[in-house]
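K.L.:
Each chain, letter by letter, is given below.
Protein chains: 2
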Amino acid sequence: MINYPNGKQIDYKEKRIKTKNEISVSSANRGMNLEHEINLSNLYYSENNICLVTKRPTPIKVVKVDYTKGAIITSAFFEKQSTTDYNGVYKGRYLDFEAKSTISKTSFPLSNISFHQINHLKKVIEHGGIAFFIISFSTHNKVFMLDASYIINYYENSIKKSIPYDVVCEVGTEIKQSINPRLCWVDALNEIYYK
Amino acid sequence: MINYPNGKQIDYKEKRIKTKNEISVSSANRGMNLEHEINLSNLYYSENNICLVTKRPTPIKVVKVDYTKGAIITSAFFEKQSTTDYNGVYKGRYLDFEAKSTISKTSFPLSNISFHQINHLKKVIEHGGIAFFIISFSTHNKVFMLDASYIINYYENSIKKSIPYDVVCEVGTEIKQSINPRLCWVDALNEIYYK
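Protein chains in written order, with numbering that gives the first Met the number 0: chain A, 0 to 194; chain B, 0 to 194.
Next up, chain A with everything else stripped away, as it sits in the complex (with noise of 0.2 Å):
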């Protein structure tokens, strides 16, 4: 314990002790849902002025309000997303993408991917819009962006139907974790579509 003139004390020890929570702390991150920290990203991106992202909410069939008790739902159900989970806005250029995370260890499965997904991606393409995916290999830990295009075509014309991980890594750009933004997947947007 050391005290110093302006009578605050530095507890070393205390301070060995945080470090090493932190790390647990970020070991712990790894196993964390990816939607979690896409969001988590995204208010650093949007709270320092970087990159305008929204999550869309999901999207619920409402059956039965009870406005006796001001309006609560007594009865609805989840409804498949149509279009993607992200959209926004970054230097006037409209973004568009869809997260997906998979525990496999060698490839990633497109039936992860719905159609009303590619179909939906292709128009943004189309419409002059910036459209990519953002996958996470959890295993490996990994998480990568891919232009949305290379996804459509794979789709839509290889008859396999995964993407084996090593092409993932080859034609994806991997996205760098930190403490904040978890993921800067800003940085690996730069690279692929403003180098």
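There may be inaccurate statements among the hints.
To be verified - Each computed DSSO-like pair below joins lysine-lysine, with the alpha-carbon atoms no more than 30 Å apart:
#, chain 1, residue 1, chain 2, residue 2
1, A, 122, B, 63
2, B, 63, B, 122
3, A, 54, B, 68
4, A, 99, A, 79
5, A, 90, A, 160
6, B, 159, B, 122
7, B, 90, B, 122
8, A, 63, B, 63
9, A, 160, A, 63
10, B, 54, B, 160
11, A, 99, A, 54
12, A, 175, A, 160
13, A, 63, B, 60
14, B, 90, A, 79
15, B, 194, A, 122
16, B, 79, A, 63
17, A, 121, B, 121
18, A, 121, B, 54
19, B, 141, A, 121
20, B, 68, A, 68
21, B, 159, A, 63
22, A, 90, B, 99
23, B, 194, A, 79
24, A, 99, B, 68
25, A, 79, B, 160
26, B, 194, A, 60
27, A, 54, B, 122
As the list claims (entries may be wrong) - Here are a few chain A residues that sit away from chain B, every Cβ distance over 12 Å (derived from the structure):
#, residue
28, 86
29, 108
30, 109
31, 112
32, 123
33, 130
34, 149
35, 152
36, 154
Note that these hints are calculated values from the structure, not bench results. Just so we're clear, the structure is a prediction, and the values are computed from it rather than from any experiment. Ideal Cβ positions, reconstructed from N, Cα and C, are used throughout, including at glycine.
Given the coordinates of chain A, work out where chain B should sit on it, guided by the hints.
P.N.:
Relative to chain A, chain B alone:
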């Protein structure tokens, strides 16, 4: 009844009745929900590859889900949209807008717009996106497009709590109404941002 060489008959009486029906449908439309009209127009624009805009689903806070019956939501409530209702892409640019309707003949009440929506639209403008409002005066059967910066300025700096109808007519651009698309809002967009 006239018989034409191609064998087709044209019954002018019938035709006249059809036109009457069309007019009555058009009158009925006046009371139609603004959101529904915009959704139909967006569908037209999407199918004709003019513009791609999607409506954000209403955010719903799910409290209880019954998994025994296949994920039926048994308790939930509506949340306020913290952003706007619509966003999309036009000629590569990011679009973001909110649609509001008023039955008032004399002014558009700003209480219709939330603080969160104003903040969101300010951010859209900062990032180079196009931000606007579609405002319907249902009693007048007139719909206008107003650049968001005008409303933001009014919201933040005016002591008035509503924008007079005359002012909206003057600073806004009227959105033409037709059969399909119901609201030709892309024409107004071109007039304001692409002239």
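K.L.:
Check the non-interface label on residue 108 of chain A: least C-beta distance to chain B beyond 12 Å or not.
P.N.:
Fine: 22 Å to the nearest Cβ keeps residue 108 of chain A off the interface.
K.L.:
Sort out whether residue 63 of chain A lies within 30 Å of residue 159 of chain B, counting only the CA atoms.
P.N.:
violated (39 Å)
K.L.:
Can the restraint linking residue 121 of chain A and residue 54 of chain B be considered satisfied, given a maximum Cα separation of 30 Å?
P.N.:
holds (18 Å)
K.L.:
With the threshold set at 30 Å, check whether the alpha-carbon distance from residue 79 of chain B to residue 63 of chain A stays at or below it.
P.N.:
This hinted pair holds, its Cα atoms lying about 19 Å apart.
K.L.:
Is the hinted pair residue 141 of chain B and residue 121 of chain A satisfied, with a Cα-Cα distance of at most 30 Å?
P.N.:
violated (35 Å)
K.L.:
Would you mind confirming whether the straight-line C-alpha gap from residue 99 of chain A to residue 54 of chain A stays at or under 30 Å?
P.N.:
holds (14 Å)
K.L.:
For a C-alpha distance cap of 30 Å, please report whether residue 160 of chain A and residue 63 of chain A respect it.
P.N.:
Given pair residue 160 of chain A, residue 63 of chain A is violated - Cα atoms ~39 Å apart, limit 30 Å.
K.L.:
Checking one constraint from the list: CA of residue 194 of chain B to CA of residue 122 of chain A, max 30 Å. Satisfied?
P.N.:
The given pair, whose Cα atoms are some 25 Å apart, holds under the 30 Å limit.
K.L.:
Does the structure keep residue 54 of chain A and residue 68 of chain B at a Cα separation of 30 Å or less?
P.N.:
With a Cα-Cα distance of about 28 Å, the restraint between residue 54 of chain A and residue 68 of chain B holds, given a limit of 30 Å.
K.L.:
Does residue 79 of chain A sit within 30 Å of residue 99 of chain A, going by the straight-line distance between their CA atoms?
P.N.:
holds (15 Å)
K.L.:
For residue 109 of chain A, is the shortest CB-to-CB distance to chain B above 12 Å, so the non-interface label stands?
P.N.:
Its Cβ never comes within 12 Å of chain B, the nearest being 23 Å, so this holds.
K.L.:
For the pair we were handed, residue 194 of chain B and residue 60 of chain A, check the Cα-Cα distance against 30 Å.
P.N.:
violated (41 Å)
Checked against the numbered hints listed earlier, the structure breaks hints 1, 2, 5, 9, 19, 21, 23, 25, 26, 28, 32, 33; every other hint is satisfied.
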